[in-house]
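Engineer: Residue numbers (my numbering): 3 to 113.
Hints should not be assumed to be uniformly reliable.
As the list claims (entries may be wrong) - Okay, the calculated beta carbon distance ranges per label pair: (1) Gln27 / Arg60: 23 to 31 Å; (2) Asp55 / Leu30: 19 to 27 Å; (3) Gly69 / Arg21: 15 to 23 Å; (4) Asp43 / Asp7: 35 to 43 Å; (5) Gln27 / Ser113: 34 to 42 Å; (6) Asp97 / Ser31: 16 to 24 Å.
Since the hints were made in silico from the structure, they are not lab data. Just so it is clear, the structure is predicted and the values come from calculations on it, not from any experiment. Each residue gets a CB set at the ideal place from its N, CA and C atoms; glycine is no exception.
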Amino acid sequence: MSDSDNPCVRCGACCASFRVDFARQELLSQGGCVPDGLTVDLNDSLARMRGTDHAQPRCAALTGQVGVKAACGIYEWRPAPCREFGLRAPMGIGDEACTRARARHGLVPLS
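The task is simple: from the sequences and hints, build the whole structure.
Structural biologist: Here you go:
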């Protein structure tokens, strides 16, 4: 499947719907890959993607317009919760969380 066929490339609803908490070990400063500047510290063991805890969440790494053309600016270095979310969505197959995120932005569910 090419990127143009991947509904996630146009969507981004998950990045503008959910809080993203992850282990601090994933931070670049801790030996991981997630850029520290895009995160906030929660405690000694957890960090959060900046912007995902706002009343209208939008991850600081999200680029573009949700539902039109959106992308993760740190896709290769994204944290585990992002890697694990909607694994079948690129194939056009949504799950319950994907459906909720898309509905929040007025998008129809994936099949």
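Engineer: Does each hint hold? Answer for all of them.
Structural biologist: Each hint, compared with the structure:
1. Distance hint for glutamine 27 and arginine 60: a CB-CB separation of about 25 Å, consistent with the stated range 23 to 31 Å.
2. Our hint of 19 to 27 Å for aspartate 55 and leucine 30 holds, since their Cβ atoms are close to 21 Å apart.
3. Taking 15 to 23 Å as the suggested C-beta distance range, the pair glycine 69 and arginine 21 conforms, at roughly 20 Å.
4. Distance hint for aspartate 43 and aspartate 7: a CB-CB separation of about 38 Å, consistent with the stated range 35 to 43 Å.
5. Taking 34 to 42 Å as the suggested C-beta distance range, the pair glutamine 27 and serine 113 conforms, at roughly 36 Å.
6. The given range of 16 to 24 Å is broken by aspartate 97 and serine 31, whose C-beta atoms sit roughly 33 Å from each other.
Hint 6 from the earlier list is the only one contradicted by this structure; the remaining hints agree with it.
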